[in-house]
Amino acid sequence: SQQGEEDPQALSIQEGENATMNCSYKTSINNLQWYRQNSGRGLVHLILIRSNEREKHSGRLRVTLDTSKKSSSLLITASRAADTASYFCAETSGSRLTFGEGTQLTVNP
Amino acid sequence: DTGVSQDPRHKITKRGQNVTFRCDPISEHNRLYWYRQTLGQGPEFLTYFQNEAQLEKSRLLSDRFSAERPKGSFSTLEIQRTEQGDSAMYLCASSSTPGQGRETQYFGPGTRLLVL
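These protein sequences, in sequence, are chains A and B.
Per the working numbering, the very first residue in the first sequence carries number 1; after that it's consecutive.
Per the working numbering, the very first residue in the second sequence carries number 110; after that it's consecutive.
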């Protein structure tokens, strides 16, 4: 079953603005991963943050993790039209990934 | 291309028919996963293999579903007596054995199934 929630469900911004997406989860995690999915396509791995890490950067991406609140956020800076996609967080406990429902990001040129 | 591949990319079938999907993982990965994704939802775990052993199955995987990975390389997912509710995207992923920074699961492009 699906666990966790992502907020907001949909986000529309202008090119160049920053986009922040939040994710809450329910279990004790080994790590949390963020994925991007373009319409009707497979998932592309963006970044993994471990349970003992609080912040991680990769290019224009910044991920934070607050294990006391069981929440994570993904920040995309200086957004581009090509960033338009669905973004999912996935908690890892054991071997399976448990995904949230995702945030649909639209970046308008 | 050395990523995860899936075949076919699209499948349309009539209710009651059997369908089989294939997944070829990244060659050095010993773990292979199957997920199902319906419209507007995140993927849901179905099952995973380590080498040829099927180690975990979700309760979503009814008796009509069977997965195999006979030689520890490619995998097949078969759905027997398909139902309209089986219409979804079926995603395959692979990874190394978790540990030492190798937890990332890499996904294939998916097989979109439509049951009429």
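Note that these hints are calculated values from the structure, not bench results.
Among these hints, one or two may not hold up.
[Said to hold, decoys possible] For lysine-lysine, the following DSBU-like pairs were computed, each having C-alpha atoms within a straight-line distance of at most 30 Å:
no.	chain 1	residue 1	chain 2	residue 2
1	B	K166	B	K180
2	A	K70	A	K26
3	B	K166	B	K123
4	B	K120	B	K180
5	A	K26	B	K180
6	A	K70	B	K166
Please write out, lowest number first, the hints stated earlier that are contradicted by the structure.
-> Structure breaks hint 5 only.
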